[in-house]
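Going down the list, the protein sequences come from chains A and B. When you line the first sequence up against my numbering, it's residues 237 to 571, in that order. When you line the second sequence up against my numbering, it's residues 237 to 571, in that order.
Treat the hints as calculated values from the structure; they're not laboratory data. There may be inaccurate statements among the hints.
Straight-line Cα separation of at most 27 Å, DSSO-like style, residue types lysine-lysine; simulated pairs [what the hints assert, rightly or not]:
no., chain 1, residue 1, chain 2, residue 2
1, A, K349, B, K295
2, B, K268, A, K350
3, A, K295, B, K349
4, B, K350, A, K337
5, A, K319, B, K337
6, B, K269, A, K349
7, B, K350, A, K319
8, B, K295, A, K337
9, B, K295, A, K350
10, A, K370, B, K295
11, B, K319, A, K337
12, B, K245, A, K349
13, B, K295, A, K295
2 protein chains.
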Amino acid sequence: MTIYDISEKAGVSIATVSRVLNGSSNVSEKTKKKVLDVIDKYEYTPNAFARGLGLNTMKTIGIMCADSSDLYLAKAIYYIEQKLRTNGYDSILCCTGYNLKNKISSMNLLISKKVDSIILVGSHFICESEADNKYIADAAAQVPVMLLNAALEAPNVYCVVSDDYTSMYEATLQMIQSGITDIVYFYNSASYSGKKKLAGYRAAMEEHGLFKGEESMQFYQGSHEDIPAMTNYLRQLCQKGVVFRGIIAADDTLALAAVKYARESRLQIPKELAVIGYNNSMLAHCCDPELTSIDNKLETLCQHLISTLLGVLGGSEMPKKTVFSGELIKRGTTL
Amino acid sequence: MTIYDISEKAGVSIATVSRVLNGSSNVSEKTKKKVLDVIDKYEYTPNAFARGLGLNTMKTIGIMCADSSDLYLAKAIYYIEQKLRTNGYDSILCCTGYNLKNKISSMNLLISKKVDSIILVGSHFICESEADNKYIADAAAQVPVMLLNAALEAPNVYCVVSDDYTSMYEATLQMIQSGITDIVYFYNSASYSGKKKLAGYRAAMEEHGLFKGEESMQFYQGSHEDIPAMTNYLRQLCQKGVVFRGIIAADDTLALAAVKYARESRLQIPKELAVIGYNNSMLAHCCDPELTSIDNKLETLCQHLISTLLGVLGGSEMPKKTVFSGELIKRGTTL
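Next comes chain A alone, as it looks inside the complex (with noise of 0.2 Å):
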């Protein structure tokens, strides 16, 4: 739906779309009644259209994101603003970190800067409570709000999503294929992803009844890049006599440090110890075996983002969410 779409259901030229979203004088009641029931009825707030007309526009989007030093985030927020950027717009970002209230002053802030609409990059963003989402709500009352891979049904929230139960789901079925057993998750966020991608390896293993509980799913608290801590982490759980013969990490960091682990104990990959990571991210070539791991499909992800966004500015129906199936990369660390 568009100003086009307005100007003919109210029956009226476009230019008088425009000076009624303009708040010109120059429009007697009655047309104005007109082309507001039309916008009423269509559930349009005269801001999108407003923005779709390029009236009261900075041409800018608000992105934020809980920590740039993620690689996976970093990469997120690199092609959103390259794509951005191809389109016109400028992008102001925020690294907000985990706490609650820092995320909604970042995005009070994004507000009064007047951005056209804030980009919640990752699933960082959505908590438990349905309460502690209502800053994301009210946001959207306001601008558009996109979610990168994660999920909140609200008016005026888009979402685009990776399929992260079913990449899990696959990689760990694989694995249980080429004759592996003892697989342990190891991972270290329980964002909205985390849960899925933790869904995905449990559903697997129980469906061929390899699931031990709460010593197959083993989460990691420390520093997101601190390998040596990950790699001793490992260690430890061999020593408390924990059995496993293959690790499915929901992060490639995770991932290397397996393989790292793996070395110092004088294990054979992936003949004695196979290793899958997640993100397909550079770090999938800095061990030696290469590291398996599953593509899901970030720029894909970011270009579909954008699309969506830069629909819904322009006044267009556009989808509430959509979803992009991962892929599994096959290296040296599995058989």
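Position chain B relative to chain A; hints supplied.
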């Protein structure tokens, strides 16, 4: 120098100074002149004071970086954001890419958003030609500009840098002293900091009569994270007949590619090929053996940059340039 000093030197109360800076009409012309004379004498602009008093400030700092997907820059942004938040400042980031036109437009965007200062992260913002650096001086005429690991002499511009020249000089010296004489320098950036590093390597080689000209300095032009392409570059270098027993890389990613090349070519590290990286990033722990790398004290630099900025915004006299030393962290890739 603070608001208290002005009050003392002008012989009026702090509240009066505040009223003058506020433009309040409740001050006699005579008193107003006294205050402004002191400010004039000490060459402070009322703006800087107003900011120190919390007037006219959004408590928001603009950050610019060329590419947030670069590990080093991403880490710097992370530290800077954290330290600003701790001090009650919000921050907004623009990723500009490497093109001058986009750098200028991002700078203008930030100034239009009424930021209190602009921080330029990394040395990609300083151009060869002085005319191309005018946009930085222009911005500094409006708000203080802080440079992280770059230098420019201009009013209201403050620089915090790591002594990349000396770090690289000493690392090269250490490799020479360990008995290796065929050392290739492997780099991918000719930025301000990139040139300093190259010069440090070259000086150490020349002093020992080991510099072989062009073939010693290998410039890789591809993607900054495409490790397989970097490895391939080194393979071709060897095929061309260039002899090297040591590689000093301007970045850990390039060094990692050197380690990978050695593995593929079945060269023993460090006996047959020694490698030194730069930045002491998480990548240093990714390879086997772990990477010897130069720590350029990024967190210290960021910490100091923020204290300098807070001093400037508070109206204190702060150093225009501060230089920190780096440190070689020895691990398994050197003798």
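Verification of the hints:
no. : hint            : verdict
1   : A:K349 x B:K295 : holds (13 Å)
2   : B:K268 x A:K350 : violated (37 Å)
3   : A:K295 x B:K349 : holds (13 Å)
4   : B:K350 x A:K337 : holds (23 Å)
5   : A:K319 x B:K337 : holds (16 Å)
6   : B:K269 x A:K349 : violated (36 Å)
7   : B:K350 x A:K319 : holds (25 Å)
8   : B:K295 x A:K337 : holds (17 Å)
9   : B:K295 x A:K350 : holds (16 Å)
10  : A:K370 x B:K295 : holds (25 Å)
11  : B:K319 x A:K337 : holds (16 Å)
12  : B:K245 x A:K349 : violated (39 Å)
13  : B:K295 x A:K295 : holds (23 Å)
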